Each structure stands twice: as C-alpha cells, then as structure tokens.
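Q: Here is what each chain is made of, one letter per residue.
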Amino acid sequence: MNPVRRLFAVRDRELPSPVPAGSPVAEADGLSVRLGRRQVLDSVGLAARAGEVLALVGPNGAGKSTLLAALAGDLPAAGGEVRIGGRPAAAWSAPELALRRAVLPQSAVLSFPFPVEDVVRMGRAPWAGTARGDEDDAAVATAMAATEVTDFAARPFSALSGGERARVALARVLAQRTPLLLLDEPTAALDLRHQELVLRICRERAAAGDAVVVVLHDLGLASAHADRAAVLHGGRIAVAGPPAEVFTGALLGEVYRQPVEVFPHPRTGVPLIVPVRGS
Amino acid sequence: MTAAAHHSPAGTDGVRTVRRRGRAFTLTVVLTAALLVGCLLSAGLGAYSIPLGDVLSSVQHRTGLGGQALDRVGESVLWNVRLPRVVLALLVGASLGCAGALMQGVFGNPLAEPGVIGISSGAAVGAVACIALGLDFFGNWTITVCAFVAGLATVLLVYVLSRSGGRTEVVTLILTGIAVNAFAGALIGLFIFFADNAQITQITFWQLGSLAQATWPKVLAVLPCAVLGLLVAPFYARELDLLALGERPARHLGVDVERLRIVLVLVVALLTAAAVAVAGIISFVGLLVPHLLRMANGPGHRFLVPGSALGGALVLVAGDLAARTVADPAELPLGVLTALLGSPFFFWLLRRTRRKQGGWA
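Line order of the protein sequences matches chains A and B. Using UniProt numbering, you'd call the opening residue of the first sequence number 1 and step up by one each time. Using UniProt numbering, you'd call the opening residue of the second sequence number 1 and step up by one each time.
Just so you know, these hints were derived from the structure itself, not from any lab. Here the structure is a predicted model, which is why all the values come from computation and not from measurement. Glycine included, every Cβ here is placed at the ideal spot set by N, Cα and C. One or more of the hints may lead you astray.
[As the list claims (entries may be wrong)] Over 12 Å on every C-beta distance to chain B, these chain A residues come out as not near it, computed from the model:
(1) GLU27
(2) ASP227
(3) VAL246
(4) VAL255
(5) THR268
[Unchecked claim] Here are a few chain A residues that face chain B, going by a calculated C-beta distance under 10 Å:
(6) PRO88
(7) PRO105
(8) PRO113
(9) PRO156
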C-alpha cells in the first residue's frame, strides 16, 4: 500500500479470517421472519458451510428469497437468529458485513448509466482503505473474465441486454471476494451456456473455500451442481441434504403440486427431474 | 506494467480509467478558467464600464499585492455593487448545481431537482413568511434560517411521499412535485394577501429570482449555509455511486444508507436555502448542469458533485451578466432568464431520453 493510502487506512475494521472447510459461515437458527402481518419463514434452521454450494429450491412464495435476505442480515428476525461469521448478524456494522458476504439481487437495476467496468469495481468498495485494497484491479479483471463480460467493459450498463446485465451484476458480487456468496436466481435471465458457466463459478468458489448459497428454479441445475439442496415449502424447510437423496418424485410432487418423474442420467447418474406430461 | 498485464483486461481498463480521469481534469480546468473569465467580465461590464486591467489592479491593491485603487466612483461600483453580486452569483450557482447533483443521486432519479420537485418553493414559503411577517429573530440570517427550515421540511415530505419499496418512480416524484409546488404557491399567495404594499413589492422582486439587490451583508447571510454544504457534499460522492445500485445493494457494499440519506437531505436543504433566501426561485440550473456534465464525463459522482458546483457557478455568473446587459439599461430577472433557457433544455432532455431508452421508467 502506498504511504498516502496507509495514512487513511481503516484500522478498526477487522478483516474476515479464513475458516476450515465444512464449518458454518452463516447459519439460521430457529429463524422466523414476518413481512407485514404475514409469517414468511417459520423456525428455519440451516447452515451455509465453507467449501459447499447450497441450493435453495421450492415453489414461488415458499420463502427462498426471504431466507436469502435473512442470511444476508437484511431482515430482522421475529424469532430465532441469524449468525454470520459466528456473530449475530445485527452485531456487525454495514461495512464489516460487506467484507463477509456478497449478495446478488434478483434483478439488477442501476439509476445512472455507469460503464460496466465501474459497476464491477463498485464491488471493491468495502475493501477501500484495507490491506486488501491492493487486490482491486486483479479482483475486477478476474471477475469480469470469469463471467465473460470483459468484451463490453466500456459499454454503459443501461445499454446491455437482460442476460448481460445479470452477468455484470454477478461479476460485481464476485469482485467483492467475500467468504459468503448469496445469489438470488443468478441463472434466471441466462442462456444455457451461461447458466452452466454461473454454476461452474459457484463450484469454483466453493472449491476455493467459500460458502455459496444459491436460489434456483431449475431443479436439474440444482441436482447437478449443488452439494446440498434445501427444499422450502410454505416458509419451512421440507427437507435438506444432498440432491440425490432429497429430490424424490413423491416429495417434489407434493411441494410443487405437480407430479414429477425423477430418474438418473444414463451417463452421470445425476437425478433428472421432469414434470409428468400427458403422452 | 508488465507485458502480460497489457493483454489482461486490467491493462486496458487501466488505460481507460486514466483517460477518463484525464477528461475530468480537463473539464475541471476548462470550467475553472471559464468561471474566472466570467467573474472578471461580470465585474467589469455594465452601465459603468471598468476595464479588465483596472479590475485586476484594484483587486491587487485591496489584497496588498501592488496594483492601485481606482477613482472614487469606480472603486465604489466595483466593490459595493459588482463584486458582491459576482460572489453571490458564485455561491447561489454552486449551491444550486451541487444540490441538483446530490438530489439526483439520493433519489436515484435524473429528474430530481430542487425546483422541479418543489424544494425551492418550500424554502420560498419560509422566506416569504419571514418577509411578510416582518420576522428578524436572527437578524441578517433570519430569511436564510426560515428558508432552511421550510426547505428541510419540504425535502423530508417529498422524500417520504414519493418513495415506495426503496425506489422513487419518476411519475410519483413529478406528481409529488406538482402537489408540493401547488401547496407552496397557495401558502405564498396567502402570505402575500396579508402583506402590505412595500412587502408585496419586496416579495415579488425576490420571487422572480434576481441578484440585483446584492450586498456584502447578503453574501454573509448565505455564506455559512452554502460553504458548509459545498464542503460536506464531495465526501459522499463514493457512497452516492454505490447508491445507484439501489438501497439494499448499497447496504450490502457497506453503505450506511440511513445515515447517508439524512446527511444528504440536510445538505440539500442547506444549499437550496442558501440559494433561495437571496435569489428567489432560480429553476433548472440544478437540472441542466449535472445532466450536461454526465454527458461529458459519465455519471461518477466524484467528479459530478464538485463539477456541478463549478458548472452551476459558471452558469449563474454568465446568466447574471446576461440578465444585466442584454436589455441594457433595463435588467431582466435572472430566474426568468434561466427558466427561458432551461425549459427548452428540459424538453429536449425528455425527447432524447424517450428516443434512447423509451422514456424514464
């Protein structure tokens, strides 16, 4: 760090320390959340562990996004608590929390037409003035290359298509380099290739020791890429575990109110889930 | 930079960033130079013409850097009439430009501007009440204080009324502005109804937006407000950039959104009050300047906030010079002039945005 920047360095901000694979980075413990008068989450217990991709699946309105927001420390708990990095979420300040978890919102909006590179660079804001501020350029370049947005680095965000915006938003989240990644439907606007790309990135981040929580609608993607899946149903966790164990025809049929067939992929053995359709 | 870095995105990005910083630097230099020239011209030109050399010489004399004083009339015109007016134009213009840039950032909305959404009218209610009721509890600062309190109340009101779900929709914002402007207009009308003739004349001229009655005490009356606001604003530029992502994402990046909002709403009220208290309602400066600068250098607030202050000052100094010289010997009200030029610009902006992105959502 150059001397001028060291002068303004943030001293009182404790940097996150690495945790061993398998230990919880964020956990919800008996968590209940109310939005208005509606009980959206009801005594949910779930842990996001280092080195693991955890998929949250379930029908619309089951509480997936709410659980993700609660794990991010956005929502107050009506009961139970959320711990991030071993401390109650409410005990962290906003700058401290920003070093520990990054969140990809469901839809990426931007009020002003910043160029793509500037948007990705916003992900580095929490590290300004810390020892790891030196990583900025590398983190931005790596994140943009990983999400394949480098080619339009100079274009304004507002000029991009929906799928491109989603990838830029993901690049911003990756550039934040936090030990916990919370992604709300990162594949919703993406084509086939980029859906796979995004989940491969999730896997890589998990392999590097981060905890990744990802809300998915595509059960096939979840079963192929997640280490564990939690199926939400009416604000509760119906079941959680390795996708091959929890994705059963009976359970999914009941939760989604749509009969499904589950059968192993002929080559890889990964469960494939398709709705039962008329002949 | 290594050879490998040249091929990596970081290499090209670096070059681009440097180029953009270069542009911001160039713009700053050009704006500052134009502002200096504008100030000199404004100090020299008018019914009693003072050559530029004499202006410089007199300023040097007063600051103890050599030069020499002008004759008695020249010295009096320059120091008691022209210069307070120039300084006031600088302060008011910088306040309006900066307030516009800040409001657009806080509301996440390119149409937010003290005049358009009614903050100026709100502050004007305070000022008119002060004149009509003959208040003077803070002496020289009374009008400014009243304008600040009323302006602050209006910003808060507009903010609360126009936001839902962490966003401000353009339609809601503009409609709220219409309602606030109408209500403020009614209140001003009411105060005028109860005022006597002398007060009505004072209010009317003040309302047209003019710097004609500029004096050093008036400069002093708004100086603290304007300077405080202008000094605080740039420190929040980085956080304003992040706020463009939305409130929640900004919080996820470590911005204390609540505190940011409170501080900036206070700063906007300070700046608007400073401008309105002396010069009445001067609209469109806070809209026009940040928009032009965004087109020239992108939306980054680190340049935009101080740049808009600089640009606003330039527009107002030039506008005031034009207001006093184009219809010589008569003098146009400044607010009328800025509205005459600003409204077509607003219209053009509307058309351009519609063409490029299908209008404001």
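Q: Does PRO88 of chain A pass the interface check with chain B, least Cβ-Cβ distance below 10 Å?
A: violated (17 Å)
Q: Given PRO156 of chain A was flagged as interface, is its beta-carbon under 10 Å from a beta-carbon of chain B?
A: holds (8 Å)
Q: Take the shortest C-beta to C-beta distance between PRO105 of chain A and chain B; is it under 10 Å?
A: Holds: closest Cβ of chain B sits about 6 Å from PRO105 of chain A, inside 10 Å.
Q: Does the no-contact call for VAL246 of chain A survive, Cβ to all of chain B over 12 Å?
A: holds (29 Å)
Q: Far enough from chain B: is every CB of that chain over 12 Å from the CB of GLU27 of chain A?
A: holds (19 Å)
Q: Is VAL255 of chain A truly not at the interface, in the sense that its beta carbon sits beyond 12 Å from all beta carbons of chain B?
A: The assertion about VAL255 of chain A holds, with a minimum of 28 Å to chain B.
Q: Please verify that the nearest CB of chain B lies beyond 12 Å from ASP227 of chain A's CB.
A: At about 24 Å from chain B, ASP227 of chain A clears the 12 Å cut-off, so the statement holds.
Q: Over 12 Å to the closest beta carbon of chain B is the bar; see if THR268 of chain A clears it.
A: holds (34 Å)
Q: So, as I understand it, the hint says PRO113 of chain A touches chain B; can you test that by seeing if any CB pair is closer than 10 Å?
A: OK, holds: PRO113 of chain A within 10 Å of chain B, min 6 Å.
The structure fails hint 6 only (numbered hints given earlier).
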